[in-house]
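J.: Below are the chains, spelled out letter by letter.
Number of protein chains: 2
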Amino acid sequence: MIVVKTIEEMRELREETAGSVGFVPTMGYLHEGHLSLVKKAREENPAVVVSIFVNPMQFGPREDFKSYPRDTRRDLAMLEPLTDIVFIPSDKEMYPKDYDSWVEVKGLTDVLEGAVRPGHFRGVTTVVAKLFNIVAPDKAYFGQKDAQQVAVIKKMVKDLNMNLEVVTCPTVREKDGLAMSSRNTYLNGEQRKAAAVLYRALMLAQELVFRGEKDAGAIRLEMKELIEKEPQANIEYISIADNETLKEIHHIKLPVLVSMAVKIGKTRLIDNIVLE
Amino acid sequence: MIVVKTIEEMRELREETAGSVGFVPTMGYLHEGHLSLVKKAREENPAVVVSIFVNPMQFGPREDFKSYPRDTRRDLAMLEPLTDIVFIPSDKEMYPKDYDSWVEVKGLTDVLEGAVRPGHFRGVTTVVAKLFNIVAPDKAYFGQKDAQQVAVIKKMVKDLNMNLEVVTCPTVREKDGLAMSSRNTYLNGEQRKAAAVLYRALMLAQELVFRGEKDAGAIRLEMKELIEKEPQANIEYISIADNETLKEIHHIKLPVLVSMAVKIGKTRLIDNIVLE
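Chains A and B, in that order, are what the protein sequence lines are.
Add 573 to the 1-based position in the first sequence for my numbering, that's all there is to it.
Add 573 to the 1-based position in the second sequence for my numbering, that's all there is to it.
Please keep in mind that the hints were generated in silico from the structure rather than gathered at the bench.
A hint or two may mislead.
Remember, identical chains collapse to one label, so a pair may be satisfied in a single copy or spanning two.
Unchecked claim - Within a straight-line C-alpha distance of at most 20 Å, the following computed DMTMM-like cross-link-like pairs (lysine to aspartate or glutamate) qualify:
1) Lys578 to Glu616
2) Lys578 to Asp683
3) Lys712 to Glu588
4) Lys727 to Glu763
5) Lys670 to Asp683
6) Lys727 to Glu666
7) Lys748 to Glu581
8) Lys797 to Asp657
Predicted model, so just to flag it, every value in this text is computed and none were measured.
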C-alpha cells in the first residue's frame, strides 16, 4: 500500500496503473461501512484507491468540521490489507489560495439534507469532481447510508458526462440496526442506545407499507410518534419520497425512499431505507 | 475524417485513439481564427478532435442563440484536411430532459463579459467541462480573442484538477485589424468598415502605454473619444485590467489586458490586446 499526499504523486501513480481502478472517497475515521465499500472495490478491480479527506467545503459554518473525528494511523491499518493507494491531501493541496470553482447539481439538492444544510451538496459535488479528475477511476463506490448524496453524485456523473460508473453499496448496521457512521462516536452510552430508534422507525415504515398502507402521511405520523417516545431524540425531518426525484409523495408507489434526520442529544444522525 | 453525433460514439473513438489528443471546441461557422487553433492542434498532436455545438446555455434570453450563424457543410469542408474526428452533438444529446448540473468559476466571472452577460460563463464552463469529459483531450485550444473565456477556463481546469493543458492562440485579424468572429457576418458593408474602430482603439492604447502613459483612466478616456467619433459605434465597456485577476487598474503595470465590448449597429463585438 502506497500513501500519497500530493495531487501530482497521485496522478503519477494513476498513470502507471494498468487495468480498472476502483475508488472509495472517504472522510476517514473508517468503520465497517467504509470497509464494505473497499472490499467491493477490491472484488471488482485490480487496483483500489481510497482517499481520506475531511472536506471543509461540505460543512456549514455551525457544523462539526473542527470536531469531526480523525485517526489516520488507525485508518491506514484498516486499509492496509485491501488497498493499493491511499490519497491523503491537505486542505491547501485541494483548495489553494484563490480557489473559486464549483460543481453544483440543482433540483435534487433542494430537498432533504440539501434543504437543511445549505451549501453541503455543492461542497460534496465539487470535492468529488476534483477527486474523480485526480484519481480517474473506472468505478467509484458510495454507501446507501447517504442516499441523497448517492443520487446527487449519480446525477452529476450523468449530466457532466464523467466517464465512470457509480456503485452503491448497502448500509452496514450495528446489531441493533444503527447505521454505521463516524459520527456515532459522538454518542454517550445512553444516547447510543436511544439512537437505535431511527432504525426501528424505518422498520415500522417497512412493515406498514408491506401490510398495505398507501397513505404516506399516515406512515410519517406513525414514525414520528415512535421516535418522539424516545426522550433523547429530536426529529429534523422524516421523508417518504420518490426514490429518483426525491420529491415527497402522498400515495405510496414503490420504489420509495424513506429517510430521516434525527438529533440524539447534540449529534445529528441520518438513515434511510428503500422500499421496493 | 470521421463525423460523430453521439457521446457514445465519440467515447468509443476516443478509446481507440493512441497518443495525445488535441481538441478544439467551437460553435461552428468557422473562420481563419478557428482554423489557426486546429492547425496548432494538428502540429502538436497525432490526433485532432473538433466539436461543433452552438451551446444554448451560454446565450442570454435576449441574445442571438436562434440567429447565430450555422453552416455545418461548409465547416466540415474546412476541417477535412486538418481533423480526425468532428463531434457534432444535438442539444438533446448534450442537455437531456431534467438536465441540471453546472460548473461555475466565481470571482473572475463577475467582471467584463460576465458582468454584462449574466449566466454566460456558467454556460461556457459547463459545456466545456462536459466536452472535456467526453473527448478526454490532452490539450485544448482556445483563441485569445475571448480573453476572459480563456482565463475562466484555465481557472476551471486548475481548480477542478482537470488533467489537460489549455493552449491559448493569438487572435487572427482581417487586413484592417478587425478580429475574426462568426458574428462579423451580421455586419453590413458600412458597419463592417466602422468595426475597424475597435482595433484602432486597441492600437491607440498600446501606443499611449509605450509612450509612457501610466494613468489607465486617461487611456480609457482617449479610447472612448476615438470610438465615439464613429457614429455606428456604441461602447458597452472599455477595460484596462490586471491580466490575471481581470480587475480594473488605475496605474499601468505590465502585463495589462485592454479589452472592450462595442456595438456596431445591433452587432455586439468584443476585442482585446495584452500589453506586456
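J.: Against the earlier hints, flag every one the structure doesn't satisfy and list their numbers going up.
T.: Failing hints, ascending: 1, 2, 4, 7, 8.
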